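Novice: Next come the chains, spelled out residue by residue.
There are 2 protein chains.
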Amino acid sequence: MATVKSDIEIAREAKMKPIMEIGKGLGIPEKDLIPYGHTKAKVALSYIDSLKSKKNGKLILVTAINPTPAGEGKTTTTVGLGDGLNRIGKKAMVALREPSLGPCFGMKGGAAGGGYAQIVPMEDINLHFTGDFHAITSAHNLLSAMIDNHIYWGNELGIDTRRVAWRRVMDMNDRALREIVCSLGGVANGYPREAGFDITVASEIMAILCLSTSIEDLERRIGQIVIGYKKDKSPVLAKDIKAPGAMVVLLKDALQPNLVQTLENNPAFVHGGPFANIAHGCNSVMATQSALKLADYVVTEAGFGADLGAEKFFDIKCRKAGLSPSATVIVATVRALKMHGGAAKDELKTENVEVLKKGLANLGRHIENVKKFGVPIAVAINHFISDTDAEVQAVIDYCKTHGVEAFRCTHWAEGGKGTEALAKHVAELADKGSAQFKPIYDENVSLFDKVKTIAREIYRADDVVADKSVRDQLKAWEAAGYGKFPICMAKTQYSFSTDPNLKGAPTNHVLPVREVRLSAGAEFIVVICGDIMTMPGLPKVPSAEVIGLDDKGQIVGLF
Amino acid sequence: MATVKSDIEIAREAKMKPIMEIGKGLGIPEKDLIPYGHTKAKVALSYIDSLKSKKNGKLILVTAINPTPAGEGKTTTTVGLGDGLNRIGKKAMVALREPSLGPCFGMKGGAAGGGYAQIVPMEDINLHFTGDFHAITSAHNLLSAMIDNHIYWGNELGIDTRRVAWRRVMDMNDRALREIVCSLGGVANGYPREAGFDITVASEIMAILCLSTSIEDLERRIGQIVIGYKKDKSPVLAKDIKAPGAMVVLLKDALQPNLVQTLENNPAFVHGGPFANIAHGCNSVMATQSALKLADYVVTEAGFGADLGAEKFFDIKCRKAGLSPSATVIVATVRALKMHGGAAKDELKTENVEVLKKGLANLGRHIENVKKFGVPIAVAINHFISDTDAEVQAVIDYCKTHGVEAFRCTHWAEGGKGTEALAKHVAELADKGSAQFKPIYDENVSLFDKVKTIAREIYRADDVVADKSVRDQLKAWEAAGYGKFPICMAKTQYSFSTDPNLKGAPTNHVLPVREVRLSAGAEFIVVICGDIMTMPGLPKVPSAEVIGLDDKGQIVGLF
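Those protein sequences? They're chains A and B, same order as listed. All residue numbers for the first sequence refer to the numbering used here, where the first residue is 1 and numbers rise by one. All residue numbers for the second sequence refer to the numbering used here, where the first residue is 1 and numbers rise by one.
With the rest of the complex left out, here is chain A (with noise of 0.2 Å):
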């Protein structure tokens, strides 16, 4: 029996086509085509403007069941949806996230997809690829540098040093920097005061870019960040600071959508990676209407679960970007279905119809949930080797009574052929037009309004709680002018309730909030249940320790 190949392996048998020959098939002329190497290139904002009266094609989000160990393949199956469309002859591109550099080194797998449904040059993707992370580090740093400064010589805003909400950022793993004492040493070396690090992912100018829909925009949004607030609580704005010009500076060429390709040679945009708890968790919105003007399908996920994320890249992404989706696909696995109803992970391989049963619930939470969106739903059934028939007939019969069609997708396997059922009813779905979008709340409800409307909606929670001064903040926030922003929910993606144990579709529960954070430039409230790290730690015996370059100059111990 043959060994079943790793995805490098696979990525790197790839025939690469190159990057200027992939651009053409999409229409854009050479000289808007900006590349990086051979087989990336970024899309120059002039020729994306240039588009702007051209008709949009259909959008199509993947999103999933809530995640176990077990696996889903969100990414895998956006990218085998995207080369099934292409293969029974539509004109479709995939927009995905990028993935974080840190976590590499710790013990994440690489982020391109798998098996043969990935994007490529996978490697270049999952590293430092266009310098996108690296330019939003840089921008963010330097806002925390100018701030810093400004305390040094003078504090004329009369910044309370104890209320600077402006952390630093660093694309790494390291749990160090998470709370540190800066400025000590000395006169020369300014005010010491309580400082710390999250990871670039989490950093809002990443959710600032991934919602930008113009340089314009950037600046403006960039400029409303609040750095931190004065002894008398009032904001400090990093345009007080006078740093957004350079900042967008420092930002100008992240803002281009990446094009790469997937296995089966059909574009790909792969731009911006925020956050799905603090922030969004999808895409950037240039990218997203780019792709929409250069394709005739697009295929786009959004992190977690639907939940989380099918719920943000709603009421989110697609309200503030005027974005219609015409379908979305909702991923789940055998596996993962199993593991919502009660099996071990150890079990998984074992055929069980009955736990199996139980665990669609989660599935069928999701499909109503995504319905009262107003978007038509298929489901994809992720295939995994073990599953067996009576375990996927299953899903497909439990699905029916929700009216909904799950297919059995076997991309990881087989491309985008192992998507081709998929594809058609895909496409059907989407050309029906259906699909009546609208979020789920107004945004001229009150801030806790919203919040109880997710809850209760989608988590089904009987209740939200929160502290007076939770409730006291968003009243506040409300009286600035802030009431108009869209909820951001940070909650565990394991469960609807934010108890990650309470698998399946648990009812009786509460929803309790901690604290609620506003980002300012993201345009967003970050409500946040439970505990949320913003700086992972790398574990005990981090991937580094084993990533390295072979003889033959490639890397090993990666993915």
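Just so you know, the hints here were simulated from the structure itself, not pulled from any lab data. Each hint should be verified, as a subset may be incorrect.
Because identical chains cannot be distinguished in the list, a pair is counted as satisfied if it fits within a single copy or across any two copies.
[Said to hold, decoys possible] Computed list of lysine-lysine pairs in DSSO-like fashion (alpha-carbon distance at most 30 Å, straight line):
| hint | residue 1 | residue 2 |
| --- | --- | --- |
| 1 | Lys31 | Lys252 |
| 2 | Lys552 | Lys52 |
| 3 | Lys552 | Lys242 |
| 4 | Lys15 | Lys31 |
Note that the coordinates shown come from a computational prediction; the quantities given were computed from them, not determined experimentally.
Fit chain B to the supplied structure of chain A, relying on the hints for placement.
Specialist: Leaving out everything else, chain B in the frame of chain A:
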């Protein structure tokens, strides 16, 4: 009268050729040129390897008198001479350092030449360029994170947390990060300890990258880095932390030289930019060696004045890389020489041959010094409009007394046309083959004797003063096997002495050594005389406040 155009205006009017065409002119196959946009590219290491058997071109060093606030124009002269050589029909290229991003937001202008002697695209070169410095930042900080992670998970190596020598880096002027306490916030964040950040150009990784001759050499050197000490004071190396493999993966692209062009469309490598005080201050060995294979004449520069820059270029870079320079150009300006003669900055526009003659002692001593390395010399008088004919003639006459020809060079205003006479002479000097390059000290003498030799022969100090602890440290390193390392002097660039106010050619001074540091990966011993700043701060009104994009998307305020 026409307004004088700014550097950025001239650069924007440049008619750049596609970088593929520039590469073609050098004979580089398209597949071995990795484009970063249409006007920047990296050269594949495999292609560079394939050139090994080719004959080397002639190497020409551009150095200068001790810098003054009047400016000398070393980079400008390097670019101008490269263009001049091409104009007189020689196949020449230049090899320069990459500028650091952080200081652009303080008050430093760009570092890509000036006037009509520039390298382009200058804005890109001064900002993210091809991402080399970001890669160095990542690799450096990965090692830092792995060190604290090792301590966090039990500290098997027994690192003394008070003696961690490896700091973190950021490419930003951020004084608040100079001295910090990290790992605060409780058990999950590690063991609090003192730490700090340097600017990326001060990273030992930068020095290592610039001295490495291959990927293997890079990994070997990284492995040798001393990251700290155990309780028994024995060293802990980067290879003990198992970091080198992953760091090399982050640095593999950064090791490839960057190809750009001059305003006159001549090829230029711009690669690597180590500090000129705690490191050796010249562009990468990879770039210089590659250029020598691709061109008949390679013009390169070294940091600061010849006492620091040329000495390190000869004693560290040339010695270690087996380079044999054929000629040296010492850049001087009438204005700066007058300052060395005692003129104040506001007196420079008035003719004053007497004070100029006094200041020529500074130039004279540099000429004598460079002769000791066995390399023939020419002097470039970088012309300013306020220079009078009598002043220029005084410089020419003075140089004749040293057996050296000096040339009035007008490359700032005229490009390569302004250095034709210099170019002809330098080509003759190089072609004559009279150079008999030798370092100033033998690698086998004791470390302290090396310092003494530099102090005596180059600085003309009467003696070297160092505490017993410093001398003991040097002996300890000799015993540990580091005795053959060259010395990397870190002292003020403004004087031959350690007193920045002693201009001209001071005598009767001693060299006080304050501290010595081991750069075991870069393979040199840093000898520090005076205050050395490895993390700059921003000024009261940083240029970041006025930097931005105009309505056309062009950068304003940067230069």
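Novice: Does each hint fit the structure? Answer for all of them.
Specialist: The hints, checked one at a time:
1. Lys31 / Lys252: both (17 Å within a copy, 28 Å between copies)
2. Lys552 / Lys52: between (46 Å within a copy, 18 Å between copies)
3. Lys552 / Lys242: between (49 Å within a copy, 20 Å between copies)
4. Lys15 / Lys31: both (24 Å within a copy, 15 Å between copies)
The structure is consistent with each of the numbered hints, conforming to all of them.
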